[in-house]
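J.: The task is simple: from the sequences and hints, build the whole structure.
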Amino acid sequence: MFDFSIVTQAIHTALLSIMPEGLAIFLECVVVGVCLLLMYTVIAIVMIFMERKVCAAFQCRLGPVRVGPWGTLQVICDVFKMLTKEIITIRHADRFLYNLAPYIVILASVLAFSCLPINRGMEVLDFNVGVFFTMAASSIGVVGILLAGWSSNNKYSLIGAMRSGAQMISYELSIGLSILTIVVLTDTMQLSEIVERQADGWFIFKGHIPAIIAFIIYLIAGNAEVNRGPFDLPEAESELTAGYHTEYSGMHFGLFYVAEFVNLFIIAGLAATIFLGGWMPLHIPGLDAFNTVMDYIPGFVWFFAKAFFVVWLLMWIKWTFPRLRVDQILTLEWKYLVPIGLANLLLMVIVVVFKLHF
Amino acid sequence: MKYEDFIDNEYLEKMAEQLREGGTNVVLGCLDDLINWGRSNSLWPLTFATSCCGIEFMAVGAARYDFARFGFEVTRASPRQADFIMVAGTITHKMAPVLKRLYDQMADPKYVIAVGGCAISGGPFKKSYHVVNGVDTILPVDVYIPGCPPRPEAMLYGLMQLQRKVRLERFFGGVNKQIGKKEYEELMRRDLTAEKIDLNVETEHKL
Amino acid sequence: MWKRNTSYNMTIREKITAWEPAAEWSAEGDGMLTVPVETFHDLAVRLKREGFDFLRSLTGMDWGEGRFGAVYHIESTATGENIVLRVFTPAPDKCGLPSVGDVWKGALLNEREAYDYFGIQFLNHPDMRRLYLRDDWVGHPLRKDYDPALNPLRMNNEVSQDSTPHFELMPDGSLIRKREVIFDEGEYVINVGPQHPATHGVLRFRVSLEGEIIRKLDVHCGYIHRGIEKMCESLTYPQTLALTDRLDYLGASQNRHALCMCIEKGLGLEVSRRVQYIRTIMDELQRIDSHLLFFSCLCMDMGALTAFFYGFRDREKVLDILEQTTGGRLIQNYNVIGGVQADIHPDFVRRVKEFIAYMRPTLREYHEIFTGNVIARQRLVGTGVLTREDAISFGATGGTGRASGWACDVRKRHPYAMYGEVDFDEVLFTEGDCYARYMVRMREIEQSLRIIEQLIDNIPEGEYRTKTKPVIRIPEGTYYSAVEGSRGEFGVFIESRGDKSPYRMKFRSTGLPLVSCLETIARGAKIADLIAIGGTLDYVVPDIDR
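From first to last, the protein sequence lines are chains A, B and C.
For the first sequence, counting from 1, position 286 maps to 286 in my numbering; every step adds exactly one.
One gets my numbering by counting positions in the second sequence from 1 and adding 1000 to each.
One gets my numbering by counting positions in the third sequence from 1 and adding 2000 to each.
None of the hints are false.
Derived DEER-like restraints, expressed as beta-carbon distance ranges:
#, chain 1, residue 1, chain 2, residue 2, range
1, C, R2377, A, I87, 37 to 45 Å
2, A, R95, C, L2169, 53 to 61 Å
3, B, D1136, C, E2323, 23 to 31 Å
4, A, L62, C, D2102, 50 to 58 Å
5, B, R1101, C, P2036, 46 to 54 Å
6, C, E2323, B, P1146, 12 to 20 Å
7, C, R2273, B, P1146, 37 to 45 Å
8, A, K155, C, D2499, 45 to 53 Å
These are computed hints drawn from the structure, not numbers from a lab.
Positions of the beta carbon are idealized from the N, C-alpha and C atoms, including for glycine.
T.: Quick look at the structure:
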């Protein structure tokens, strides 16, 4: 398994030899930041393209095929289009908040994105309460959405934002509970550490029944958290035209759009990290030859493969299921998912105490 | 459809050639081309339909005809996010101000396609007391797609004509009409009491 | 079909004449009773008590020389008996008829329509606004002396009013105008439409919300009002046919069938059995097409996008068959007076059979992907209940009425074309909720397949078109024919004065009753339910607005 920290360490020592430590760290931070944003953009583009192709495949269509080979440049076109579109300023809107909202959403998304451990030694933000930090960072997004709805001076936006607020705050709870279930199993909250503990088997296997329940709850709640799939009522097209971003045009809308897709990736990436072993290869005890072959596949490939698998699962759900109603969403959360999550947590504690896990 | 298949628009090509020779600098020209390539391949329609043509418009988006292939993928329900409006169906006197308002709500650059006989000229309802005879009396139309309703293939052809049109435009100094910040601020601050009725502000109305 | 009420051995006509000696019978065309206006409201109440609970059609009329009035087609759902009543306004200068909206709720919107067209004020009508035209419209367009120059295109935005006029008759015979409030100052009113993805066209609602719950709903029609009925008055009969296809474009074939039937009835023209077979098959294919589109759109509105594409994929197959024979996909222009435009394509029979074989298993797929889905059921079952009484009172025919347990299928009530001879079930549900309305349509696809199956193999030889005179003139009188359109009873009412164009032509819209009952259904529901209700009511807006 390749450890990326060797590379970073080498760069760090090389920089230290020519400049003082403070400057070196500053420089590294800038480089890392730029890389992060680049990767964020690339992921966004890949995600949007994937969404289109996957939904086209489900719907007996082809999806974009004309621009570039197999339509791969389609999203680039969209980016150019978005960048050159007019950004409309709404009269009677709260100008400052209106312009701020998309940046808050994107900020939350980038913050959460930077927590994902992509490879060994390739974590950007990684400390002992990483799980909490990720959740905290990702939930800043709801502030942006509420602001967008409030400041747009549009009734649809407002309803969309209120729905979104109610939904995201509720489902945060389930996400927390299901992650906590795994934290009980690992006794650490550091994301890189969580991955390391899965070297001898992914948690979804190690934790068996409670872990699988937690995984399912996580998928449902995660889907709701990013306002997608059957839970996309904040932007339910057929009810609220475009929900909280009805009044946004040009790149401001683009930011919401991108954040939505990367948030989906973040949810999938977290699922991959916590339940499916992150960048850990698949190891089957006893089959040493197989395990060695698996070890040759680099960690980030494993991570992305797992994350995109989860993304694909969520897309499948999104394109197949009808949308829930707002009261049904809250019923599902508070009457079913939260009690099940709590019971599941208890079950996991029992499993851990009596050492029933693998 | 291949580029060569468009045989009926040579004059457009010639016009573009002349315009280019008229002195655009190379960098701006290239950037123009790049942006236009992007814009032309990513035209998002507004979900707007009034009657029969709307159903055919849906058919164009559906499985067999699938306009997502050409980048018309995302039909936006909010006019702010749409690039062009397909006026699919009859526009009546009651609808005309609404349509105009929708058009005004769209962000520049924006385009209009008149689909079907009704939108082009009033079609079979030309003599009616309540039908606008051609949507071009209220909006600047870019492409006309005749038919009653036009076949999905015709719509695809019309959409591709719009792509071609976009590709031949000049973005800088052309489509991208810049107005000064000051002017913009002024527009924003203008007193609207005189145009109250245009904003649909509730007023005392005597019957 | 025409069972008579056994306990009273009198026809309703005789009964009305007994109650109201001033009633006059005129036998031209279908025949109708002219009843005096003073006692008309009492008569309506009496008729309702007698079982005449379904107002099929209400037509405003201008008979010239300042004589206005209305024609009412009333049916008893229990006995199937029909009666046509005609009422004149009291005096040429005074335009007032008693409103029967309290007797038949479906009359409310129809009376607003008559007010809009002719300026007939209905007394005690709670909401006497224009239905289709702008509030600042000058004059009434269907009056014979209307001058179109009065109304140039106005580009200023229309102001939505929060109150409505209401006319009452004073004891001294004068009218007074009162105002009724629709929306109060403090209500949170959102505007849905006219450009909104869920309204299936350009319908507009103003919805007063309390949180997510709908408190009041106000329907605004007319954004696609094309004045077809007025246009028909200046067209010859064959020319009017072209406009019917564009009313309800998902029932183009059936609409045209209705008009052809009505004209043929007026002419006393018998069409050949081959034509009857072809028309029936075409109607049923059109119905399948429409119901598939219904399924697709409902799924899209509910957010299940994949199912939408499945529906459209299969709809294309129907359109292919229609196109091969008629040359048109959506609008076929196929039926003509005395027959059909062209003979069926040689491949027609084979392709229809292939389609039937394909469609049955595909329907199962639909049920798997959408009907069986737990979220879909949660959204549909129990929401938007319309009771049978309300359905009848509003005249909400078609799938909506049948979902509420009202056997309102015109194909069974008044069999036309081949429907009397084929064997099919009238799909009935009693729940009246969105799920029932959805299931009725899905089951009707099966029944339509069954009807086609019985006919397709034995289309008789014969003429596909009976020769008619170059200029068609219908004898003087009034005629009404109805077919079961894709979404309810589609009726055509013609008043002829023996000219080559109709004096008045009225289409009984299938969608208008559906929209009029929307307020009743949606009140108290969530705003998301409005989408499900609108989707399952399955109205087509150009059909409402005409």
